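2 protein chains.
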Amino acid sequence: MIIVKIGGGKEINLEGIIADLAGIDEPYVIVHGANALRDKLAEDLGQPKQVLTSVKGYTSVYSDEKLLDVMMMAYAGLRNKRIIELCQQHGINAVGLTGLDGKMVRGKRNQGIRVYQGKKLKIVRDFSGKPQSVNTPLLHLLLNNGYVPVLTVPIIDEHNAAINTENDDVVRVLQKALEAETVINLIEAAGFLENKDDTASLIKNIPASDLKARENQVEGRMKRKMLAVRKLFEQGATRIIISDGRGDHPIVDALDGKGTVIA
Amino acid sequence: MIIVKIGGGKEINLEGIIADLAGIDEPYVIVHGANALRDKLAEDLGQPKQVLTSVKGYTSVYSDEKLLDVMMMAYAGLRNKRIIELCQQHGINAVGLTGLDGKMVRGKRNQGIRVYQGKKLKIVRDFSGKPQSVNTPLLHLLLNNGYVPVLTVPIIDEHNAAINTENDDVVRVLQKALEAETVINLIEAAGFLENKDDTASLIKNIPASDLKARENQVEGRMKRKMLAVRKLFEQGATRIIISDGRGDHPIVDALDGKGTVIA
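Protein chains in written order, with my numbering: chain A, 736 to 998; chain B, 736 to 998.
In short, the hints are calculated from the structure, not lab data.
Predicted model, so just to flag it, every value in this text is computed and none were measured.
Hints may be right or wrong, so weigh each one.
Copies of the same chain are indistinguishable here, so a pair counts whether it falls within one copy or spans any two.
Below are the DSBU-like pairs computed for lysine-lysine, each with C-alpha atoms no more than 30 Å apart in a straight line [unchecked claim]:
| id | residue 1 | residue 2 |
| --- | --- | --- |
| 1 | 857 | 801 |
| 2 | 838 | 745 |
| 3 | 791 | 838 |
| 4 | 791 | 855 |
| 5 | 958 | 911 |
| 6 | 911 | 838 |
| 7 | 865 | 775 |
| 8 | 911 | 947 |
| 9 | 939 | 801 |
| 10 | 745 | 801 |
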């Protein structure tokens with residue numbers, strides 16, 4: 736079992752990814768983002784995203800009800816359905832699902848984020864949280880009947896409300912439930928770069944024992960991604976490939992060991 | 736088996752509909768629209784919908800690639816996922832699907848619409864078409880495992896491309912496949928009105944033999960709706976209820992025989 740995580744950047748080659756997937760024999764589940772699309776749509780609708788910075792310095796998108804609406808449009812609507820259409824055109828009988836559908840991904844809503852407003856400390860609560868479990872019987876029901884699940888946010892919280900979450904965390908819960916050996920993480924970079932501005936600084940292999948050190952080496956989204964990778968390892972994944980989603984054959988390249996292989 | 740068609744008008748009481756559905760014992764499938772949401776979103780994005788008028792005088796929405804994008808956002812994204820969320824909050828384990836997902840609704844793309852451009856006759860081809868079949872095994876797979884399918888457009892054409900279609904036509908294909916006895920059609924009116932501007936002119940019962948005459952009596956969307964109703968009867972539905980989707984208890988009212996009952 737392979738889990739294919741498709742990043743939400745605007746340069747990701749969806750057509751190339753889906754064409755490659757049509758040629759592989761092993762079963763797989765797709766998880767995709769749409770952050771570039773979400774940000775553009777939010778801008779176009781005159782409600783640009785707001786970023787919260789916690790007192791500890793972590794940043795996150797402020798996911799109020801309106802942002803969730805935009806997410807539903809961008810992730811569950813446009814991006815998911817165009818991916819499903821591409822899949823069908825390549826002979827993959829895909830079914831798109833958010834975490835709400837059949838309670839596919841259940842999570843717990845965040846209690847609140849401590850932020851400074853000017854000099855005042857304030858607790859802001861939005862519709863975001865952490866995934867905790869997936870509906871494994873529904874996944875198997877679909878897979879056993881020839882359907883490829885294509886998952887995206889939002890997920891469903893403990894009160895059955897839609898919440899935003901990190902797709903990397905969805906991948907982690909999914910990997911554990913399906914006992915997937917391989918996770919392919921397609922991003923807008925060649926893989927893990929020693930120097931993020933130098934594509935030639937690609938690290939081709941990272942032993943699991945070096946993950947913590949690598950995590951400390953980077954910042955921002957890549958730091959969060961490396962933390963997700965480390966957790967994936969701790970729970971049993973045997974191979975994680977961080978690879979370029981922009982090339983002509985992103986999946987073939989990833990399985991050929993291009994990008995960064997963590998094993 | 737009941738098919739519940741929820742109209743896409745902005746006054747439809749989704750919460751009331753879903754709360755009612757949580758209380759009924761018979762199995763059902765939901766089909767929903769989102770036309771008010773689509774039109775607003777298209778306006779907000781600066782690409783208002785264009786209406787084509789065929790040489791025969793029929794009107795239809797010009798469904799180019801951009802309009803399909805907007806439809807995916809409005810129907811498959813925002814409206815479908817908020818309905819799924821409402822279902823989950825009322826204990827209904829719903830799964831939202833477009834016609835693309837698992838090739839749930841297959842159709843045939845229209846060859847082209849003959850329109851006048853000034854005085855020139857032109858054939859305009861867009862991404863629209865007619866549904867022809869549904870994926871009955873996938874519907875039964877979901878229903879037999881406790882999931883309620885919640886369907887919406889787009890559907891998939893003979894070349895596996897996304898196309899727009901009338902939800903009333905999707906209902907017709909679905910009714911036949913599931914041999915549903917009852918179809919509830921929730922609209923923004925009390926039912927079939929003798930005089931569309933007078934809510935007191937509600938016709939409470941229409942015998943199937945009068946359908947053709949009633950169809951000739953009305954215009955626009957209602958004419959198309961009555962044609963769909965007549966076709967439903969011809970293929971075996973035994974009860975069709977056109978009822979108000981705006982009240983506190985739209986489903987309870989419909990099953991109580993409020994609205995227009997055709998039997």
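Hints, one by one, checked against the model:
1. In this assembly of identical chains, the alpha carbons of residue 857 and residue 801 lie at most 30 Å apart only when taken from the same copy (21 Å versus 42 Å across copies).
2. For a Cα distance limit of 30 Å, the shortest separation of residue 838 from residue 745 qualifies both inside one copy, at 29 Å, and across copies, at 27 Å.
3. In this assembly of identical chains, the alpha carbons of residue 791 and residue 838 never lie at most 30 Å apart, being 32 Å within a copy and 47 Å across copies at closest.
4. Taking CA atoms no more than 30 Å apart as the test, residue 791 paired with residue 855 passes inside one copy only; the shortest distance there is 15 Å, against 67 Å between copies.
5. For a Cα distance limit of 30 Å, the shortest separation of residue 958 from residue 911 inside one copy, 21 Å, qualifies, whereas the shortest one across copies, 54 Å, does not.
6. With identical chains, the CA atoms of residue 911 and residue 838 are at most 30 Å apart both within one copy (17 Å) and between copies (29 Å).
7. Taking the shortest Cα distances, residue 865 and residue 775 sit within 30 Å of each other inside one copy (25 Å), while across copies they are farther apart (32 Å).
8. Taking the closest pair of Cα atoms, residue 911 and residue 947 come within 30 Å of each other only inside a single copy of the chain (20 Å); across copies the shortest separation is 58 Å, beyond that limit.
9. For a Cα distance limit of 30 Å, the shortest separation of residue 939 from residue 801 qualifies neither inside one copy, at 41 Å, nor across copies, at 41 Å.
10. Taking identical chains as interchangeable, the C-alpha atoms of residue 745 and residue 801 lie at most 30 Å apart whether they share a chain (22 Å) or sit on different chains (17 Å).
The structure fails hints 3, 9 (numbered hints given earlier, in ascending order).
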